[in-house]
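Work out the full structure: start from the sequences and follow the hints.
Going line by line, the protein sequences match chains A and B. So the first sequence is numbered by this note's numbering: it starts at 1 and just counts up by one. So the second sequence is numbered by this note's numbering: it starts at 252 and just counts up by one.
These aren't lab readings, by the way, just hints derived from the structure by calculation. One thing to keep in mind: the hints can contain errors.
Covered stretches of chain A (in silico footprint by chain B; criterion: 3 or more residues with CB under 8 Å from a CB of chain B, positions within the stretch not fixed) [claimed, not checked]: (1) 28 to 36; (2) 138 to 152; (3) 183 to 192.
This one's a predicted model, so the numbers in the text were calculated from it and none came from an experiment. All C-beta atoms in this analysis are idealised placements derived from N, C-alpha and C, irrespective of residue type, glycine included.
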Amino acid sequence: MIKRMFIFLILALMTMIFFNLASNYSENTSLSKLGHYYVKNGPSEIGAPNLVTAVVVTYRGLDTLGEVTVLFISAAGVGLLLRRTRRKQDIKDLVNEDLEKGDRAEETAINHRPASEIVETATELLLPMVILFGIYVFMNGHLSPGGGFQGGAIIASGTMFLLLALPESHISRLMIAITESLSGFSYVVVGVLGVLLAGGFLDNRFMDLGDFGDLFSAGAIPLIYALIGLKVGFELSAVLDRFRKEDTGPL
Amino acid sequence: MNFIADFPISLIVLSSGLGLIIIGLWGMLTQRNIIRIIIGFSLMDTGIHMVMVAIGYITGGTAPIINDAVLFSDAVNRVVDPVPSALVLTAIVIGLGVTAVMLSFAVRIYRTRKTLMIDECTESKG
Numbered sequence: 001m002i003k004r005m006f007i008f009l010i011l012a013l014m015t016m017i018f019f020n021l022a023s024n025y026s027e028n029t030s031l032s033k034l035g036h037y038y039v040k041n042g043p044s045e046i047g048a049p050n051l052v053t054a055v056v057v058t059y060r061g062l063d064t065l066g067e068v069t070v071l072f073i074s075a076a077g078v079g080l081l082l083r084r085t086r087r088k089q090d091i092k093d094l095v096n097e098d099l100e101k102g103d104r105a106e107e108t109a110i111n112h113r114p115a116s117e118i119v120e121t122a123t124e125l126l127l128p129m130v131i132l133f134g135i136y137v138f139m140n141g142h143l144s145p146g147g148g149f150q151g152g153a154i155i156a157s158g159t160m161f162l163l164l165a166l167p168e169s170h171i172s173r174l175m176i177a178i179t180e181s182l183s184g185f186s187y188v189v190v191g192v193l194g195v196l197l198a199g200g201f202l203d204n205r206f207m208d209l210g211d212f213g214d215l216f217s218a219g220a221i222p223l224i225y226a227l228i229g230l231k232v233g234f235e236l237s238a239v240l241d242r243f244r245k246e247d248t249g250p251l
Numbered sequence: 252m253n254f255i256a257d258f259p260i261s262l263i264v265l266s267s268g269l270g271l272i273i274i275g276l277w278g279m280l281t282q283r284n285i286i287r288i289i290i291g292f293s294l295m296d297t298g299i300h301m302v303m304v305a306i307g308y309i310t311g312g313t314a315p316i317i318n319d320a321v322l323f324s325d326a327v328n329r330v331v332d333p334v335p336s337a338l339v340l341t342a343i344v345i346g347l348g349v350t351a352v353m354l355s356f357a358v359r360i361y362r363t364r365k366t367l368m369i370d371e372c373t374e375s376k377g
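Listed below in structure tokens is the structure:
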């Protein structure tokens, strides 16, 4: 009872603070100093029409590297937590489970009914398009809304689609691990190239800035976003694969 | 009518975001099921993102993308602040990673205890 009162008190106090915040709120009518600088100088310095991309990839590029690292660590943590350790006791449990499964064979047969013709055909037709759309989104990250993280999430949604439609399909963990590590490594290499050839870490100007608004413009931004997109897409696919019920062990 | 004319549009986003934070906090404090606690966390996360986006809004502003619709010459007066948008982009990805790790902890707890109720996990209680 006291606990409930305490929770109620906390929520009431939070609501009071938030109410004050919202009632005294007045909309900004001009950009903040930092935002003003980015909007004024971003297009000429970075060459990217999408200013959010300019901020994410170059001005605050180090934060994005940290963000990719956090995502990598969380994917690795999910892999570690959901790994099935096969010790003797576990194997005994598994055998018992299999025996129980035999008793319930009819129930599981209903649950594991294979996907229908419609689902299979739709998957074959739509999956390449979903992945192509993901690639489109991260290649156009500097021109239109979107970017590496969004494109990667779309690719991972394609994997999700595959896993839902055809739960038996096999995803190669080795391929995922290689692609992910290579793209993460190349991302850091591109950042170091910025130090050597241009103004600083993750500076995109060591490549030609090109014509403003072209697909291959804005220096290294399309390259960086392609690497981030691949890394995020494969990482999230690995996370989704780990959450499957039938886990097949490491790699 | 005057009230509606003076009503800032971003206040809707701001107050819904603050409401979501309260709902999420309530869910995290009162629910006993681990999955529901995680849902509460996600709601709170989304609420914080909405508040951040609302704070970055400039009256009459549009997306900070320079093209034929928003010319470079008057972009400064026409676009919203790109910094909160970039921060929210980061925050969404981090939130996703945190949620994935929490869910895998939930799976792990369910595997060892065959329950998702947090009252059953008492061995670390003082």
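We went through each hint and held it up to the structure:
1. 28 to 36: holds (count 8)
2. 138 to 152: holds (count 5)
3. 183 to 192: violated (count 0)
When held up to the earlier numbered hints, the structure conflicts with hint 3 and nothing else.
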